[in-house]
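Same order as they appear, the protein sequences are chains A and B. Quick note on numbering that gives the first Met the number 0: the first sequence kicks off at 0 and runs consecutively. Quick note on numbering that gives the first Met the number 0: the second sequence kicks off at 0 and runs consecutively.
Read the hints as simulated data drawn from the structure, not as lab findings. Check each hint, because a few of them may be wrong.
Unchecked claim - Heads up, simulated DSSO-like pairs for lysine-lysine below, C-alpha to C-alpha not over 30 angstroms straight-line: (1) A/K137 x A/K174; (2) A/K71 x A/K94; (3) B/K12 x A/K217; (4) A/K203 x A/K217; (5) A/K217 x A/K174; (6) B/K52 x A/K137.
To be verified - Negatives, chain A to chain B, calculated, CB over 12 angstroms: (7) L39; (8) L127; (9) Q131; (10) K137.
For glycine and all other residues, C-beta sits at the position ideal for the given N, C-alpha and C.
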Amino acid sequence: MIETPLNAKIKGEEFTELPRDLYIPPDALEVYLETFEGPLDLLLYLIRKHNLDILDIPMAELTRQYMEYVEKMRAIKLELAGDYLLMSAMLIEIKSRMLLPKPVEVAEENDPRAELVRRLMEYEAIKLAAQQLDEMPKVGDGISVASAYYQHISQIKPPEVGLDDLADAWRNVLKRASHFKHHKVGHSELSVREHMSIILRRLKDDRLLEFTQLFDVKNDGIPKLVVCFLAILELAREGLLRITQQQAFSPIYVQIASDLSHGHE
Amino acid sequence: MVMSEIGNITELKNVLEVALLTSHEPLSLDDMQRLFAERMERATLRMLLDELKQDWADRTMELVQVASGYRFQARVEYADFLARLNPERQARYSRAVMETLAIIAYRQPVTRGDIEEIRGVAVNPNVIRQLQERDWIDVVGQREVPGRPSLYATTRHFLDDLNLRSLSELPPMEDFTQQEISI
């Protein structure tokens with residue numbers, strides 16, 4: 000298998016005589032350059048394209064072509080991984096080692112190309128395996144798995160109920176009912192919104208009221224007075240009331256804001 | 000006596016059938032044993048599953064065994080029809096992803112370094128991540144060398160998705176020299 004330098008030279012000459020149509024101009028490859036998965040992929044492409052014998056690679060020719068494509072890649076500013084440059088160095092090294100004269104009886108595994116060939120063959124096997132995996136039908140892509148609808152109802156054991164639990168529950172109901180009652184009454188009594196309406200209605204009739212007239216201090220409790228005050232503030236904030244005072248400590252008057260604007264017109 | 004026994008077997012098969020049809024994941028023998036209150040021998044289960052498979056022989060779904068258990072799936076001859084229901088097919092994985100997957104599948108367990116050695120290029124972390132997110136590969140340990148790199152292997156889910164019971168059912172690797180020139 001090992002070529003003497005003389006044979007290698009003859010092989011080299013053979014390749015320089017290849018018909019031109021077997022040579023792929025780098026321009027034609029530009030489209031594919033980005034699709035190479037790395038230097039091994041590119042080398043395999045070149046070997047296959049030129050119908051080279053993987054077990055007897057003409058290193059000079061392969062290296063020349065490889066370098067040409069790598070140069071082309073750099074020219075079109077393709078992000079060149081260091082892996083490509085590393086491979087260039089490796090190819091050149093193998094090529095130069097093959098040029099050294101060797102004794103004929105050198106064992107086969109000492110072929111400087113052996114490691115490269117092993118890697119190329121391994122990569123090719125993986126590449127083909129990857130294509131096969133890719134083509135296999137997969138769940139969701141060619142394989143449809145049964146998935147009949149089933150309403151999952153989680154099974155819960157009915158809880159045990161004792162007399163004490165019932166009593167507790169009843170007490171809770173009473174307690175909550177009393178809260179609710181209190182809250183409800185309070186709500187209706189102390190509704191700020193409700194008082195806002197009441198105040199607006201009174202002002203509709205009386206137009207202008209003194210601030211203190213809005214409060215029935217004798218009959219209303221403090222909570223109601225507070226709510227009434229809050230209602231006035233809220234009305235003022237919403238721009239519905241106008242609160243005026245001529246000077247400090249003089250009476251404060253309250254009137255409907257829209258009345259004021261009408262007056263100005 | 001004989002009648003009741005047959006009725007019983009039919010009911011057992013019905014239980015297995017409804018469980019398999021409604022399960023979203025393959026059911027293992029352990030899963031199926033839990034369906035029954037009484038102890039069910041695995042041999043009995045296998046026998047029942049065999050019969051169930053026969054019962055469905057003329058139907059559109061078939062009972063198949065994959066790595067993590069049994070499941071019903073549409074017969075392959077209907078795949079083309081079903082594909083029309085969801086015209087937007089799943090996006091293809093890049094060659095980098097598929098080659099990395101192939102290396103892990105055929106050479107497992109492997110490190111990133113092993114993958115880089117075979118492919119001749121650096122491994123993009125995204126590639127590993129994509130495969131892990133698909134739950135096709137996972138880390139099964141560390142190689143006891145400096146840096147303690149992670150060792151990757153394929154999962155049972157990978158085998159399930161590819162309709163395989165074990166790695167031995169992967170298509171055999173072909174040799175370069177037997178390949179025809181296809182470019």
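Verification of the hints:
1. Under the criterion of a C-alpha separation no larger than 30 angstroms, the hint pairing A/K137 with A/K174 is inconsistent with the structure, at around 62 angstroms.
2. Distance restraint check for A/K71 and A/K94: the Cα-Cα separation of roughly 21 angstroms lies within the 30 angstroms cut-off, and the hinted pair is therefore satisfied.
3. As the CA atoms of B/K12 and A/K217 are separated by approximately 85 angstroms, the hinted pair breaks the 30 angstroms bound.
4. Restraint check for A/K203 and A/K217: the C-alpha separation of about 24 angstroms stays at or below 30 angstroms, so the hint holds.
5. With a C-alpha separation of about 34 angstroms, the suggested pairing of A/K217 with A/K174 is violated against the 30 angstroms cut-off.
6. Pair hint B/K52 plus A/K137 holds up; C-alpha atoms about 21 angstroms apart against a cutoff of 30 angstroms.
7. Non-interface status of A/L39 relative to chain B is broken: a Cβ of that chain comes within 12 angstroms, the nearest being about 4 angstroms off.
8. The beta carbon of A/L127 sits about 5 angstroms from the closest Cβ of chain B, which is not more than 12 angstroms, so the claim that it is off the interface is violated.
9. Interface exclusion of A/Q131 from chain B breaks down, the closest Cβ pair being 5 angstroms apart, not more than 12 angstroms.
10. Not every CB of chain B lies more than 12 angstroms from the CB of A/K137, the least distance being 5 angstroms, so the non-interface label is violated.
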